[in-house]
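The task is simple: from the sequences and hints, build the whole structure.
First to last, the sequence lines map onto chains A and B. First residue of the first sequence: 1, per the numbering used here; consecutive thereafter. First residue of the second sequence: 430, per the numbering used here; consecutive thereafter.
FYI, nobody ran anything at the bench for these hints, they're computed from the structure. Even for Gly, the Cβ is constructed at its ideal location relative to N, Cα and C. Do not take every clue at face value.
[Stated by the list, open to error] A few chain B residues facing chain A, derived, Cβ under 7 Å:
#1 Thr-556
#2 Ile-559
#3 Gly-573
#4 Asn-668
#5 Phe-683
#6 Ser-684
Each chain, written out:
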Amino acid sequence: MKPFRSLKMAAMAAAVGLAGMTAAAAETTKLTMYYPVAVGGPLTKIVDGLVADFEAENPDIDVEAIYAGNYNDARIKALAALQSGEPAQLSVMFSIDIYDLIEQDAIVAFDDIVETDEERAWLASFYPALMENGQTLGKTWGIPFQRSTIVMYYNKDMFRAAGLDPDNPPATWDELLTASKALTDADKGQYGLMIPSTGYPYWMFGALTMQNGQVLMNGDGNETYFDKPAVVEALTFWHALGAEHKVMPEGTIEWGTLRQNFLEGKTAMMWHSTGNLTAVKKNASFDFGVAMLPAREQRGTPTGGGNFYIFKQTSEEERRAAMKLIRFMTSPERAAQWSIETGYIGISQASYDTQALKDYVVEFPPAKVARDQLEFATAELSTYQTGRVRKLLDDAIQAALTGQKTPEEALGEAQSQADRLLKPYRQGG
Amino acid sequence: MTPRMANVYGWLLLMPAAILLIAFTHWPTVATLISSVYSPGTPVRPARFIGLDNYRLLVDDPVFIQAALNNLWFAIGTVVPSIALAILMAIWVNENIPGRGLLRLAYFTPTILPMVAAANIWLFFYTPDIGLIDQVLALFGSSGRNWLGDPDLVLPSLIVMTIWKEAGFFMIFYLAALQSIPPELREAAMLEGASRWSFFWKVTFPLLMPTTLFVLVNALLNSFKLVDHLFILTKGGPNNASNLLLYYIYETAFSFFDTSYAATITMVLLVLLALLALAKFWLFEKRVHYQ
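Rendered as structure tokens:
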């Protein structure tokens, strides 16, 4: 009877095991995710659509995606939820929030979550330039999602009227200045170039300094290079465009109304986020082009936008489920769809290899410029105490552009104050 | 009812208001004070007692000093003109003129608009060259100005918008006050041969004093509380030329994550507003002409 008995036992064990498995399958994992929208357009609908597709594929995971305002609001809400004991498991937040989130001990590194080689390969599948803002302390904390760069929009009709080649936009600072002079018509109140200097002055400035061969901070986020000669030179150039060459309005230029200025022909060229591409495409009554930013030492632009983060206060299952969701959202097909519908960059080479994005790039070539420019892209300004450090630089830029201080003075002061803020984060500091 | 019962009864009546006041006004004030003497806590670096360090920091913080000065100019610049304008508009729409209802509505419209909506409209008004203001000025041959991008112009620009936004609201109070002034006074003054100006200055204006006190308190408080427009128009720039105390508190708390320094500035603002309120009540108790 012994074999029979053991068989019976085995059957019972199998039954129990099966019951346990079905129970686990029926149990859904609930995920809460905050996400910001920084540019106009029906982005919430697109995100909701992606989430619905994911839930259809993964019935055991229940995702609640909550639109949380702009980047600042999203961070405040996610951190508030964390403190209230009803935390989100993952969120899309500003890529430059990384040091603050680490300082708050809020997030977990993806290196500590990935298990298989296949997952490690996924972690390495994104454009390196987009990973810079998500990596520090030797680990990856943020996965690129809604990412942009700065590009130069230019009015081809105005180029033709000024006798310039509309298919050959300026590629160096010298050419930029020459073209701007040709395009400026003071009597008509028409300028050659506008670079916005409110809202995110440090972002535009990051492009100018990169082009001049100098980044603004180190990879550990505890050192800034605001007073380096190349940085001062970049700000001097920006200031001179308005004050000396008169090809740009003097004082600061408003981020929010710049697109309108461009659409109304008040400026022949503007530097702006790729996030504006769809809006300009829809509203421009003239022939416009999109070009990479020009070079001095080299071409350059900072990246911008939001990354996925996974929070520390999560269970093992929640982390696995969050990984599934993030992998779904960053898969080549979804990334391609997201890029086409929003204008954000496809985050991996694989997404540009999809048929959908290949076709789109042929049909609408400007969509390719941002991607091609990634080769010259660097991280957006991000340090410990990032809000304060960023404001120091913003204030210095605006002080110089409005003529309150010289570029050397303004940047020197900003650097010494940034040094004071960042000292505690340096080794032995 | 025994005196003891009356006591209990009295306290019970007070309770709802007292609970609300303590929970939402007094306790937060105390909590703010406490948090201003501690360093901001993060999981990595727990909060510790730092005494008056934050208050010493205030004196050395050029942005705080500039925001405070800006706020002072903003208060002076908005309060006096918007009260004067409110009285003028009230007297105008109090007259028996055709289309009076429409005119009153027109003056009141800016008040109905949310500040954020109004700021968005004015953002385009102030846009150099293509904005409404520059286009109108261009008719008179004046070239475009960078209203919000010039440190000397940005605060006056905000003041003008705020006056536009606030005056209509104050007008309503003056209108009500004007209508409660007995018409006999005017008839008597006319019989005496008083000019319109001396009637206004000797009779109407003194009778409006209680309203003026009320409006003055509100306008001053508002000038420290209004901050919505900064989010849209300038974000405190360029280089803090339009930064105001409340916006700086917001930046410190939510952009810099320095809640304890934000609490410190909040304490300063609270003390300032409390002093203002006290001074005004004391001063006007003697001067205001109540009938």
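Note to self: Take the shortest C-beta to C-beta distance between Asn-668 of chain B and chain A; is it under 7 Å?
What the structure shows: Hint on Asn-668 of chain B: holds, closest Cβ of chain A at ~4 Å, below 7 Å.
Item checked: chain A contact restraint on Thr-556 of chain B - CB to CB distance below 7 Å -> With a closest approach of 5 Å, the Thr-556 of chain B hint holds.
Note to self: Does Phe-683 of chain B hold up as a contact with chain A if the rule is Cβ-Cβ below 7 Å?
What the structure shows: Holds - the Cβ of Phe-683 of chain B comes within 7 Å of chain A, reaching about 6 Å at its closest.
Note to self: Quick check on Ser-684 of chain B please, does its C-beta sit within 7 Å of some C-beta on chain A?
What the structure shows: 4 Å, holds
Next item on the list: With a cut-off of 7 Å on the beta carbons, see whether Gly-573 of chain B makes it to chain A.
Entry: This hint holds: Gly-573 of chain B lies near chain A, its Cβ roughly 6 Å from the closest one there, short of 7 Å.
Next item on the list: Return the status of the interface hint for Ile-559 of chain B: holds when the least beta-carbon distance to chain A is below 7 Å, violated otherwise.
Entry: Holds - the Cβ of Ile-559 of chain B comes within 7 Å of chain A, reaching about 5 Å at its closest.
Going down the numbered hints, you'll see the structure goes against none, and every one checks out.
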